[in-house]
Amino acid sequence: MTLLRRVFRLSPKYCLTLLLATASFAAAQPNELSDWSTLEHQARGQTVYFNAWGGEPRVNSYINWAAEQLKQRYDINLQHVKVADTAEAVAKIVAQRQAGNDTNGSVDLLWINGENFAALKQNDLLFGPWAEQQPNFALVNADRYPEMREDFTVATDGFESPWTRSQLIFYYDSQWLDEPPRTVQEILLWAINNPGQFTYPRPPAFLGTTFLKQALLELSNYDAALYAPVSDSAFERVTESLWEYLDALHPNLLRSGRYFPASAADLRRLMGDGETSLALAFNPNEALLSVRSGELPASVRSYVLQGGTIGNVSFLAIPYNAQHKAAAMLTSNFLLSVEAQAKASDPDSMGSTTVIAVEDLTLNDRSRFSDSVNDPAALSAKELGHKLQEPHPSWTSSLERAWILRYSAR
Amino acid sequence: MSKSILQLRDVIISLQGKRLVDINQRVAAGEILTVMGPSGSGKSTLLAYIAGFISPAFQASGAVLIDGADITTRPAELRQIGLLLQDPLLFPHLSIGGNLRFALPKESSNKSELIQQGLDEIGLSGFEERDPGTLSGGQQSRVALLRLLLSAPRAVLLDEPFAKLDTELRQVIRNLVFDKLRSSGLPTILVTHDQADAEAAGGVIHTLA
Amino acid sequence: MLRWASYIFIMLLAAPILLGTLLASLPAFGYFPPLDSYRFSLDAWRQLIEVPGITQSVLISLLCGVLTPLIALTLVFLYLASASGSRLDNWIRRLISPLLSFPHAAAAFGLAFLIAPSGLLSRALSPGLSGWERPPDLLIVNDTWGLSLMLGLVVKEVPFLLLMSLAALPQLQPVPRIAVARSLGYRPTIAWLKVIAPSLYPLVRLPVFAVIVFASATVDVALILGPTLPPTLSVRVLAWFNDPNMGLRFLAAAGALAQLATSLLAVTIWLALERICRLLWRLYLAAGDRNTGERVAYILGRTAMPAVLLIISGSLLALLMNAFAGPWRYPSILPSTWTLQHWANSYQDLLTPLFNTLTVSICSTLIALMLVIATLESEGQPAKRNLTPVWILYLPLLIPQVVFLFGIIVLTEFGRWQASMSLVVFGHLLFVIPYVFLSLSAAYRQLDPRWSQVAATLGASQSKTFWRVRVPLLLAPCLTAVAIGMAISISLYLPTQLLGAGRITTITSEAVALTSGASRNLISVWAIVQLGLPMLGFVAALSIPRLVWRNRIGMQEIR
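Residue numbers (our numbering), protein chains in the order written: chain S, 293 to 702; chain W, 422 to 630; chain D, 479 to 1037.
If you are wondering where the hints come from, they were derived from the structure by calculation, not from laboratory data.
Just so you know, not all the hints are guaranteed correct.
[Unchecked claim] Using 30 Å as the maximum straight-line C-alpha spacing, the simulated DSSO-like pairs for lysine-lysine come out as follows:
id: 1; chain 1: D; residue 1: K672; chain 2: W; residue 2: K532
id: 2; chain 1: W; residue 1: K439; chain 2: W; residue 2: K601
id: 3; chain 1: W; residue 1: K424; chain 2: D; residue 2: K942
id: 4; chain 1: D; residue 1: K672; chain 2: W; residue 2: K527
id: 5; chain 1: W; residue 1: K527; chain 2: W; residue 2: K601
id: 6; chain 1: W; residue 1: K424; chain 2: W; residue 2: K601
id: 7; chain 1: W; residue 1: K532; chain 2: W; residue 2: K439
id: 8; chain 1: W; residue 1: K601; chain 2: D; residue 2: K942
[Stated by the list, open to error] Derived list of chain D stretches under chain W, where covered just means 3 residues or more per stretch with a C-beta under 8 Å from a C-beta of chain W:
id: 9; region: 582-589
id: 10; region: 930-937
Treat the numbers as computed from the prediction; the structure is a model and nothing was measured.
Even glycine gets a Cβ: it sits at the ideal position worked out from N, Cα and C.
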């Protein structure tokens, strides 16, 4: 058993003490940040290797759009290095550190949050702080929205810049299902009566892990231990009800739980084919976008669970050994601009939720973020309801590990 | 026209200890030496030795001389020994003109004229652009002969060059080849099965066991 | 220079593979300098044994490694026994090169879209024949025991083994042999199995071993069609290798060695099967039966190949339909609309990988062609006629890619080399060289030596003879070799993925990466581009010589 723990150890458990240590690392801040125009000059002609999850075509084409803009404006070549899991990029940085490559890193910019950020920050593998020096950082109004400075309970300390908001939502096909289950418990009851019509992505796919966390929050009655670093005893105590729940749920999933899809896109495909009636996504606009593109039938509706669903912010970070830091910062600042954020939230583009505090914008700018989509598949900000905070990142890897142990080989 | 002399001095070829060829001959300009023998007797191996392609499976010794100069160690392309085989072996990817041009020494001037003239002499005027595949067997043999002559050899080896022609054509081509070689003053070695070939050649006959 | 060509050639193939295998195994026993680990230890092996489901992973890899070649070879032999010289045979022989150029990943995608519960096949039956209004809840693709994985591999390996058999057959002079057997009263199919099969098998043994190793260690096909709970061993090894925790490198290395052992075990089981078959054959031959089982063998052989063709064309159809399909609800057999939208959406993403794919495949194929020709030329020098040993050529196909590519990665980490185009080209070269050599050497060695001799007696220098006689005469086989080399390079997944480290992406690596994230439509677009490229190559290889030699009758006979 101890050996197994060693095998599946992804990131060390306690990072708080080390977090204090990284605060002192913050002193090593580069001077170039003081002058943004110098930065623009330095960035000219640089190539930014942007390691970002490549599993969502809509995001990929948005990054393509950003690359064109950056080329035009700053002569920056944005190269999207598509990773299947952000952990891959983290592995590259760790490997380079171990190989003594401290200046010519192959990753310039990273799409990141949660346990990956915690691991990099804790091991001093990030450049910064730089995020709050960006001219566009003010747009997120971090004083009103503290989640812009906090990533899965871990303080960002300026080592990453907000990029996009996500929230867990559920969607169902009203052709097969009149009234969807509104709680995690109800999902189980419904699944027992309607076997084979629901499934979730296999952890460590982040949507699958998020489903585990959502279920854990509800089943443990929002146990406060989830917001502190995980311990063996807390894990055993808090997750007991989760395993009971999953043991009961799995035989009633699609393919009797002998197969789990790989991603949100797989879930979409399954509903599009009529295999499932209920699915989940981490983008509130998922159903709307997929109905528009024809991937999902027009009968699909979205909703959130009673008591709220998990929401988080994902960020951009720069590794300590990035070769093109200036261009990376400029890229991040551009992605945070009103124009880039408005484009990202456009349902015909990426369709994400913006991190900008839209209410602070001028009327003209505000109109670029249209919340007024009148589509039965869409969810308004009000309908999204209460947002649950992400548990402490150490829970993520523990949950994934335990799930793999229990369910990956039966 | 060159007036060379081809000389084989104590040429001995054996295979796995068994002696196949033992020859000591001198072929004067315009003369044809005929080598006869059953198949497997080493006739073609002898030609390969003279031309410079002998397989390392054979043990061979002795010298090949042209005008007294020993050429035994020279690579094939520097020996200036022409070869005519059973098949005309016109390069299938080149036109008739291309085949002839291939053979002309680099330094020869007025190549087109030489080719035209040569084709006239063998009765194939205007064939320059033709595809060798469209020629009859007899026509191909004539082009092969012309190609050999244009390469300006100092001696010629004939390896059963008429064996695949039918009887009537064989006589015509044989006469043409022998006439041309004699008038060019080339020392020639002919390897054949056919007694009629040997008689027409009219020279010394060397028989292998 | 030429004298050294074959030594350079052997070194270039053997050294990285043997060294790579060695280096990959060091971390399995605790030696891994990047993590300051120098002490001998068996911890990695203890970890490996405790990985949940590891036995099942190994078992599935092993099953794949034995059953895939067994089924594929049986089908090929039964086909040859029952259809040699028939009209079906003529037709299939013409289709075989394009079939072979179908990349594994594209074929796997197509197959998945064909046989999935919501796939083309199920739609064709529904709702009329099956009564299904919604797709049946059946675990077909990604099934626990890898059956669809094996089906995908069989469909791909049958054309490969058939081509290898057809290349070896002429030297056995099957026609007169069969005639003799028939005159002794044997039915043709039985005659083939009794007289030709035993002498053909030794000639295709190495390709069969390559199939065993590939099937037991494939990564891309297993990612698309293979089981997920747990996946095959090779897929898990790749995941450990890519894990953010560098500490898993020890486990990955042990896993890689376990993969090597699994592939070797599959080969060993095969060798045992060989012995049993040899014994049975001897009894079968001695029994003197002249027609027992003829009907079964005949029907199986005659239907197997069309069935494989049908599956492949069905897969292709599924890809084509999905690439142009608008909304397409189950159980409609046709999409509600057709659209070019998926192509418009992918066009920009395709450009860089397309450029990389062409660069890598052209560079690796041209380098391979030069090396192979230099080696063959040096063989051709009569003074020293030692032929390059064939097993060297098969080396990259006989050791699982996952194993020695890891070693090469470890080497690059020691040397701190960054992922680069040249590293990827080098990786591709290891796989392109064998195929270019195998496809070119027969034609090269068969070229009548008298062409060169005649050229020499006409006073042509060595280089003139090479450039103006041998190269033009061998133009067609050279182009075919180029087309095959490029097709191999285009279809490679693991070398690109590992040596390119995600920075150098090709159509294939991107297409496989889409498996988990993209819609069927998008995957289909990529798969069609992936299989279209080698197709174009073969069309060019066939049509260029026809165009160049359209006025040369003799060039249509000499190939």
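Hints, verified against the model:
For the hint linking D/K672 to W/K532, the alpha-carbon distance of about 61 Å lies beyond 30 Å, and the restraint is violated. Between W/K439 and W/K601, the direct Cα distance comes to roughly 37 Å. Violation of the 30 Å bound is thereby established for this hinted pair. Distance restraint check for W/K424 and D/K942: the Cα-Cα separation of roughly 28 Å lies within the 30 Å cut-off, and the hinted pair is therefore satisfied. Distance restraint check for D/K672 and W/K527: the Cα-Cα separation of roughly 59 Å exceeds the 30 Å cut-off, and the hinted pair is therefore not satisfied.
Straight-line distance between C-alpha atoms of W/K527 and W/K601 comes to about 23 Å, which keeps the hinted pair within the 30 Å bound. For the suggested pair W/K424 and W/K601, the alpha carbons sit about 14 Å apart, so the restraint of at most 30 Å is met. Using a Cα cut-off of 30 Å, the hinted pair W/K532 and W/K439 is violated, with the two alpha carbons roughly 47 Å apart. Pair hint W/K601 plus D/K942 holds up; C-alpha atoms about 28 Å apart against a cutoff of 30 Å.
Counting residues of the region 582-589 of chain D whose beta-carbon sits less than 8 Å from any beta-carbon of chain W gives 0, not enough to reach three: the coverage restraint is violated. Counting residues of the region 930-937 of chain D whose beta-carbon sits less than 8 Å from any beta-carbon of chain W gives 7, enough to reach three: the coverage restraint holds.
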